[in-house]
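Under this note's numbering, the first residue of the sequence shown carries the number 1, and numbering increases by one thereafter.
It is possible that part of the hints are untrue.
[Unchecked claim] Computed cross-link-like contacts, SDA-like style, restricted to lysine to any residue with a CA-CA straight-line distance of at most 25 Å: (1) Lys134 <-> His72; (2) Lys85 <-> Val49; (3) Lys70 <-> Gly25; (4) Lys85 <-> Gly25; (5) Lys85 <-> His72.
Because the hints were derived from the structure by calculation, they are not lab data.
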Amino acid sequence: QTCFICTQALHWKTKEGLVRGCACGDRDGVSSPELGVAHVSCLARQAQVAVERAHRGWMRWDTCGLCEQKYHGVVACALGWACWKTYLGRPEGDRFRIWAMGTLGQSMRMVGHVREATVVLEALLALIDRQPEKEKHTHTVLNVQNTLASLYGQQGRHEEELSLRRKNYPLLKLIEGANSQNALISANNLGLCLHQRGRHAAAREALREPLADARRTFGEDHSITLNLRETTADATSGLGGEANLRETIAIYEDLVTRSRRVLGTSHPTTQQREQCLREFRAFLTGGVAAVLAERRARGGGGGA
Numbered sequence: 001q002t003c004f005i006c007t008q009a010l011h012w013k014t015k016e017g018l019v020r021g022c023a024c025g026d027r028d029g030v031s032s033p034e035l036g037v038a039h040v041s042c043l044a045r046q047a048q049v050a051v052e053r054a055h056r057g058w059m060r061w062d063t064c065g066l067c068e069q070k071y072h073g074v075v076a077c078a079l080g081w082a083c084w085k086t087y088l089g090r091p092e093g094d095r096f097r098i099w100a101m102g103t104l105g106q107s108m109r110m111v112g113h114v115r116e117a118t119v120v121l122e123a124l125l126a127l128i129d130r131q132p133e134k135e136k137h138t139h140t141v142l143n144v145q146n147t148l149a150s151l152y153g154q155q156g157r158h159e160e161e162l163s164l165r166r167k168n169y170p171l172l173k174l175i176e177g178a179n180s181q182n183a184l185i186s187a188n189n190l191g192l193c194l195h196q197r198g199r200h201a202a203a204r205e206a207l208r209e210p211l212a213d214a215r216r217t218f219g220e221d222h223s224i225t226l227n228l229r230e231t232t233a234d235a236t237s238g239l240g241g242e243a244n245l246r247e248t249i250a251i252y253e254d255l256v257t258r259s260r261r262v263l264g265t266s267h268p269t270t271q272q273r274e275q276c277l278r279e280f281r282a283f284l285t286g287g288v289a290a291v292l293a294e295r296r297a298r299g300g301g302g303g304a
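Generate coordinates for the entire structure from the input sequences, incorporating the hints supplied.
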């Protein structure tokens, strides 16, 4: 295998090996196992050049330019650190330095560094607040708050999480429009937060219009639509009853099929959805005992 950017197996300068942390080479209809394989240094340089050429080039720091799916795991984290290193020397108020700090925080969260990501993103909000023209960074503030809400939830700070969710979503709708990616992501996070607090009916209602907007704007296979459908399915299962459980299973069956095609079978999101589908099916046939047996069979332990 060789890097699709520099075409070498070992990086000429760093001598680093090859990685792939996206959906390339593993999706239905994609036969080449070498597709998307690269050096982190090459991916970082490619992103830097894309930013220099176009404003929208910033997405190359977290999204593969071939499969257009976000990087995940240690590759995402490595690119987050590379991004921060690239723009660290710029003035404190420079937009690229601010975005790089946000990218670093996001990437740390993706590998489970919850407390560290929280510290980075809270420091970023404080930095922006010190800027004389902080209103220029409103979009960044809203996106950072969205991520912080997730981090607060992971740390058991549930009231802070729900407060941020309720404040964040209507502001994003007002500023960017109901069909924007950021607004739809925020809507999904609000629905997920309500579901996790046991407010399943409220979660489903909160997701109804955003899901319709996502389907109309981005289509059935887009990650935002899939995420909104997944959260809707989870909230539906929380309502109880066989009919709701069967509806949940039907949604997950379609989600798994689409995830395998769009993301590939080895992608963590695909695998997580497959596991959920197995557990919902087990619960339908044998209740909690069957779910625990399924988890033990998969090496996931017997805890509920």
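Right, here's what the structure says about each hint:
Taking the CA atoms of lysine 134 and histidine 72, the gap is near 30 Å; set against the 25 Å cutoff, the hint is violated. Taking the CA atoms of lysine 85 and valine 49, the gap is about 15 Å. The hint holds against a cut of 25 Å. Taken as a hint, the lysine 70 and glycine 25 pair is honoured in the structure, with Cα atoms around 14 Å apart against an allowance of 25 Å. Using a Cα cut-off of 25 Å, the hinted pair lysine 85 and glycine 25 is violated, with the two alpha carbons roughly 29 Å apart.
The suggested pairing of lysine 85 with histidine 72 holds, with an alpha-carbon distance near 19 Å, which does not exceed 25 Å.
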